[in-house]
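Sequence lines, in order, name chains E and V. If you read the first sequence in full-length UniProt numbering, its first letter stands for residue 1, the second for the next number, and so on. If you read the second sequence in full-length UniProt numbering, its first letter stands for residue 1, the second for the next number, and so on.
Just so you know, the hints here were simulated from the structure itself, not pulled from any lab data. Heads up, some of the hints might be wrong.
[Stated by the list, open to error] One-sided and incomplete, this derived list gives chain E residues near chain V with beta-carbon spacing under 8 Å:
(1) Arg85
(2) Thr153
(3) Ala155
(4) Ile220
(5) Leu226
(6) Leu227
(7) Asn231
(8) Asn239
(9) Gln242
(10) Lys286
Ideal placement from N, C-alpha and C gives every residue a C-beta, glycine not left out.
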Amino acid sequence: MQTSKTYKIPFLVLALILIICFIINISLGSVSIPLKSIFNSLFGTADNESWQYIIQNYRLPKAFTAILVGSGLGISGLLMQTLFRNPLAGPFVLGITSGASLGVALIIMGASIFGGFFATILISKWSIVIAASLGSFLVLLTVLIVSAKVRDTMAILIIGLMFGSITAAIVSVLSYFSSAEQLQQYIFWGFGSLGNLSWYELFIFFLIYCIGIILSVVSIKGLNTLLLGENYAKSLGLNIKQSRLIIIIATSLLAGTITAFAGPIAFIGLAIPHMTRQIFSTSNHKILLPAVFLFGAIVMLICDSIAQLPTSDYTLPINAITSLIGAPVVIWLLVRKRKMMF
Amino acid sequence: MSNTNKHIVLKTKDLSIGYKTKKAETVIADNINIELHKGEFIGLVGANGIGKSTLLRTLTNVQNSLSGSIYINNKLLSEFQPEDLAKAMSLVLTEQIASKNLSVFELVALGRQPYTNWIGNLSENDITIINRSLQQTNIEALKHKRCFELSDGQLQKVMIARALAQDTDLIILDEPTTHLDMYHKAYILKLLQKLAKETNKTILFSSHEIDLAIQLCDKMIVMTANNVVSDTPCNLISKGTFNTLFPKDLIAFDENTGSFRVKK
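Turn these sequences into a full structure, and let the hints guide you.
Below, the structure written as structure tokens:
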């Protein structure tokens, strides 16, 4: 698919904004560090050791996490919106967050009810990551088995939503029986968090993220064909079942790892593809995919900078910020252009 | 007519179509023997619910036949790989396209998908073919318009251009004239007739515009409750096939004008 316009300038501008946002993001925090020292610490020649430590082991990983989370959620949202031909689809329609929440809920709150095995697990960050991954993986597996049998793509959408309801119900039952402290811990996980990732964790995150991105890039041609609808796509020689499988796996890898490491981050996956479509005014995925990548990363960095509450010691829950900042932007875009397109 | 030396693009042999469930087999039509040659313009007509769509779905491999065989370019339909079939047969369906945000050029360019590389880059040759398709359907002026800006008639031309860009010997259209006014019905069918002649492609369409089809088609396939007949419109009129098309209480076929009249 060729588009008549060239998109070099918007891409350059976006890349520039990304770099600026990145620098702003790492220069903000509870400890104020002058810009010059920040650059120095990036290249390991800082004059102040504790500043360098903060930058290298706290702010840099957090900024990279923001980039991975924003771009990953944006891209998986784009994949889902095209696959399900539904502008309301996001990365979580397949029940991935629900699965992750269930895993985490079982780890945090399961101990009081089931005792035994659950009580022996120490609630560390890794156990939460593993529980979230296992939970989303199990839901994904079920969705994949179902999607291999079901011919109708819309049925998969409904099945994903049903999984969401089931897990939400189980989580409410669990929370009914758990202590206030456990409940608070679970709710805190639900706020989402970009910080607290070590370089090693970030590396694992990045590896899985890369596989998801590669699968998304491979799907570009199929996604463009799907813009015509499944029957046309089939008449153009597209293997629907195979493409659908690759798209679902890519989304699950991206959304699943993001939820595991950063918690359920709302809104980004749904809104970023819409914002990008409005700005670039195209549906060509060869343009949209890199644009969503840049745009998602930018928005996430901005949200995180705001969550820092510059010059204060408090950090707001990132999950609230993404919706607070993002939702009005989408409303404004839609009112201005008066058309929801995908 | 000596069609024997002409290239046969689509042929069915004792084809039986219908639906199969675990318990029973519902036959909608059987004993279908049709032969479509290169460059022919063929209309498929029949009453509502007689099985036109089922026949088209079977011919386009959306649905399996109950028995018998279908040959495309002398090769069994069931032996085609999806990407090879996409190079032999293109479709224009009644369903709406999923995204109307595509520009006309982008949409027509999607017709080149079976020929492009893994990421869908268009070669010089692809672009030449796309522009030729736009010319042949008289929509060059719409090239940069978005699909949601188009009228139904324009959109239908774009979908035909897309099928042309797919560069197949056979183009099958499912009711291409629904939703169109009288002028555009005639316009689209006339355009298709011209395209069949100019490009030497075989064009098969289903339609309820029997009088237009009689005037424009090289050959017609008439589906009635009892059988499926294919012949030239003239022969079909003299055989009285059109009289068997509908129940006789309301309308009757007038052989002199080649159209249906309401009984008074």
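Per the CB criterion, is E/Asn239 less than 8 Å away from chain V?
Status holds, d = 6 Å.
Verify the interface restraint on E/Ile220: the C-beta must sit less than 8 Å from at least one C-beta of chain V.
holds (6 Å)
Does the nearest C-beta of chain V fall within a distance shorter than 8 Å of the C-beta of E/Ala155?
violated (17 Å)
Do the numbers back the hint for E/Thr153, that is, is its least Cβ distance to chain V under 8 Å?
Violated: closest Cβ of chain V sits about 11 Å from E/Thr153, beyond 8 Å.
Does E/Arg85 meet its interface restraint, that is, does its C-beta lie within less than 8 Å of any C-beta in chain V?
Since the shortest Cβ distance to chain V is 4 Å, the answer is holds.
Closest C-beta approach of E/Leu227 to chain V relative to 8 Å, hint status
At about 4 Å, which falls below the 8 Å cut-off, the nearest Cβ of chain V leaves the hint on E/Leu227 intact, so it holds.
Regarding the hint that E/Lys286 lies at the interface with chain V, is the smallest CB-CB distance below 8 Å?
holds (7 Å)
Next item in the hint list is E/Asn231. Is there a CB on chain V closer than 8 Å to its CB?
holds (6 Å)
Tell me if E/Gln242 is really an interface residue toward chain V, meaning its C-beta lies closer than 8 Å to one of theirs.
Since chain V brings no Cβ nearer than about 10 Å to E/Gln242, farther than 8 Å, the hint is violated.
Restraint satisfaction for E/Leu226 [CB to CB of chain V, less than 8 Å]
It holds, given that the least Cβ distance between E/Leu226 and chain V is near 7 Å, below 8 Å.
Hints 2, 3 and 9 from the list above are not met by this structure, while the remaining hints are.
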